[in-house]
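Number of protein chains: 2
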Amino acid sequence: MAKRVTGPEIEKLIQLLAKVPGLGPRSARRAALHLIKKKEQLLGPLSSAMGEAYDKVKICSRCGNVDTVDPCTVCTDLHRDQTMLIVVEDVSDLWALERTGAMNTAYHVLGGTLSPLDGIGPDDLNIRGLIDRVNEGVIREIIIAVNATVEGQTTAHYITDQLSGIDVKITRLAHGVPVGGELDYLDEGTLTAALRARTVI
Amino acid sequence: MAKRVTGPEIEKLIQLLAKVPGLGPRSARRAALHLIKKKEQLLGPLSSAMGEAYDKVKICSRCGNVDTVDPCTVCTDLHRDQTMLIVVEDVSDLWALERTGAMNTAYHVLGGTLSPLDGIGPDDLNIRGLIDRVNEGVIREIIIAVNATVEGQTTAHYITDQLSGIDVKITRLAHGVPVGGELDYLDEGTLTAALRARTVI
Numbered sequence: 001m002a003k004r005v006t007g008p009e010i011e012k013l014i015q016l017l018a019k020v021p022g023l024g025p026r027s028a029r030r031a032a033l034h035l036i037k038k039k040e041q042l043l044g045p046l047s048s049a050m051g052e053a054y055d056k057v058k059i060c061s062r063c064g065n066v067d068t069v070d071p072c073t074v075c076t077d078l079h080r081d082q083t084m085l086i087v088v089e090d091v092s093d094l095w096a097l098e099r100t101g102a103m104n105t106a107y108h109v110l111g112g113t114l115s116p117l118d119g120i121g122p123d124d125l126n127i128r129g130l131i132d133r134v135n136e137g138v139i140r141e142i143i144i145a146v147n148a149t150v151e152g153q154t155t156a157h158y159i160t161d162q163l164s165g166i167d168v169k170i171t172r173l174a175h176g177v178p179v180g181g182e183l184d185y186l187d188e189g190t191l192t193a194a195l196r197a198r199t200v201i
Numbered sequence: 001m002a003k004r005v006t007g008p009e010i011e012k013l014i015q016l017l018a019k020v021p022g023l024g025p026r027s028a029r030r031a032a033l034h035l036i037k038k039k040e041q042l043l044g045p046l047s048s049a050m051g052e053a054y055d056k057v058k059i060c061s062r063c064g065n066v067d068t069v070d071p072c073t074v075c076t077d078l079h080r081d082q083t084m085l086i087v088v089e090d091v092s093d094l095w096a097l098e099r100t101g102a103m104n105t106a107y108h109v110l111g112g113t114l115s116p117l118d119g120i121g122p123d124d125l126n127i128r129g130l131i132d133r134v135n136e137g138v139i140r141e142i143i144i145a146v147n148a149t150v151e152g153q154t155t156a157h158y159i160t161d162q163l164s165g166i167d168v169k170i171t172r173l174a175h176g177v178p179v180g181g182e183l184d185y186l187d188e189g190t191l192t193a194a195l196r197a198r199t200v201i
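So the sequence lines, in the order shown, correspond to chains E and R. Just so we're aligned: the first sequence equals residues 1 to 201 in UniProt numbering. Just so we're aligned: the second sequence equals residues 1 to 201 in UniProt numbering.
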């Protein structure tokens, strides 16, 4: 800004809001003004909710999920099938898969993917914890649900290698046409995979 | 979510973040996870900044700007030309005009536009305060910088009417082709205005 037009506390709030993913400098200003206009309904409650999250948030020492208890809600859910484990890159993937309601299993969050160029090796991911869990002998199937990227697939291969001596079924998500997707807009790799994995009607 | 996968405090944080303009339910989850991952660098400072804004924010009783002091930084800036007043709908417009650095004047925030369908009449806007300021006798020119919408123009006409007895010059922003804009994408109204207000090169 050419000149100061508001208080330093409000400028500080705008600067911090601009670092939230989904907001940029312009939308951070809009967001700050909206929060100020909705002071009682939004700014106050959000400030408290952030303070409470700051005080209470924990990373589950077993699966890597984000929660306010450790072990987390998912790990201590007795109604889940503990013989199946879905391995994901990130907590957001765990939450996305849970929203489908399709499975009722345990999870394991790696915390990223192998990426030698970024200096991320096996020790930077929660792979040791995964092998320990499998060695407990309860898990019968591991579904590796990593992103269909080069890094994701490299990580999947590495995990499969590490588990090669253990008697556990390892599966991965199917490739194919997204539901609602138009063939015209899909890449050749997806179409090839969908053709190869075609099913009888 | 089909089942609870995280703590109620974190779900509450996500719900509140989803009410911030620019974020929806999906990006609120992404934002919450990012805040939690950057707990010390972002979640803590943002929580404090919101708390401080909540405690200190004030609406300037003279011009309607948002600040932590009243009268605000703009109203008490002795280097501004107090004989010119820019009238805007919203605080965000004041900030946007200030970022241009083009003018160095006083401001007046109406707090919206006249909109009979939404039940917003003259008494719901800060028009009385504007007339009082003009009656002080210092202001020589009022630039009405409201949006080029029907409501904005209606409000501009109403203000001009209200000030008709007072010796003050009233101007409005020019219409024309936006800088960097392509004629092909502009509406007929803008092109007509740009043609009528053409200038000699």
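Keep in mind the hints are simulated off the structure, nothing from the lab. Be aware that one or more of the hints could be misleading.
[Said to hold, decoys possible] Some chain R residues close to chain E (C-beta under 8 Å, calculated; not the full set):
(1) K12
(2) L16
(3) R29
(4) P45
(5) S47
(6) M84
(7) P178
(8) E182
[To be verified] Stretch by stretch, here's where chain R covers chain E in the computed footprint (C-beta under 8 Å, at least three residues):
(9) 12-26
(10) 29-36
(11) 52-62
(12) 92-99
(13) 118-124
Note that the Cβ used here is the ideal one computed from N, Cα and C, for glycine as well.
Hint-by-hint comparison with the structure:
A least Cβ separation of about 5 Å between R:K12 and chain E falls short of the 8 Å threshold, and the interface hint therefore holds. Restraint check, R:L16 versus chain E: the minimum CB separation of about 5 Å is within 8 Å; hint holds. Of the supplied interface hints, the one on R:R29 holds, with its beta-carbon coming within about 6 Å of a beta-carbon of chain E, less than 8 Å. A hinted interface residue such as R:P45 counts as satisfied when its beta carbon comes closer than 8 Å to some beta carbon of chain E; here the least separation is about 6 Å, so the hint holds.
Interface restraint check for R:S47: the shortest CB-CB distance to chain E comes to about 4 Å, inside 8 Å, so the restraint holds. Because the beta carbon of R:M84 sits about 15 Å from the nearest beta carbon in chain E, more than 8 Å, this interface hint is broken. A distance limit of 8 Å between C-beta atoms decides the matter here; for R:P178 the minimum to chain E is near 16 Å, and the interface restraint is violated. At a threshold of 8 Å, the smallest CB-CB gap from R:E182 to chain E is about 22 Å, leaving the interface hint violated.
Using a Cβ-Cβ cut-off of 8 Å, 9 residues of the region 12-26 of chain E lie near chain R, which meets the minimum of three, so the contact claim holds. Here the region 29-36 of chain E counts 8 residues with a CB under 8 Å from a CB of chain R, which clears the bar of 3, and the coverage holds. Only residues whose C-beta sits within less than 8 Å of a C-beta in chain R count toward coverage, and the region 52-62 of chain E has 5 of them, enough to reach three; the restraint holds. Counting residues of the region 92-99 of chain E whose beta-carbon sits less than 8 Å from any beta-carbon of chain R gives 5, enough to reach three: the coverage restraint holds.
Counting residues of the region 118-124 of chain E whose beta carbon lies closer than 8 Å to any beta carbon of chain R gives 0, which falls short of the minimum of three for the stated coverage.
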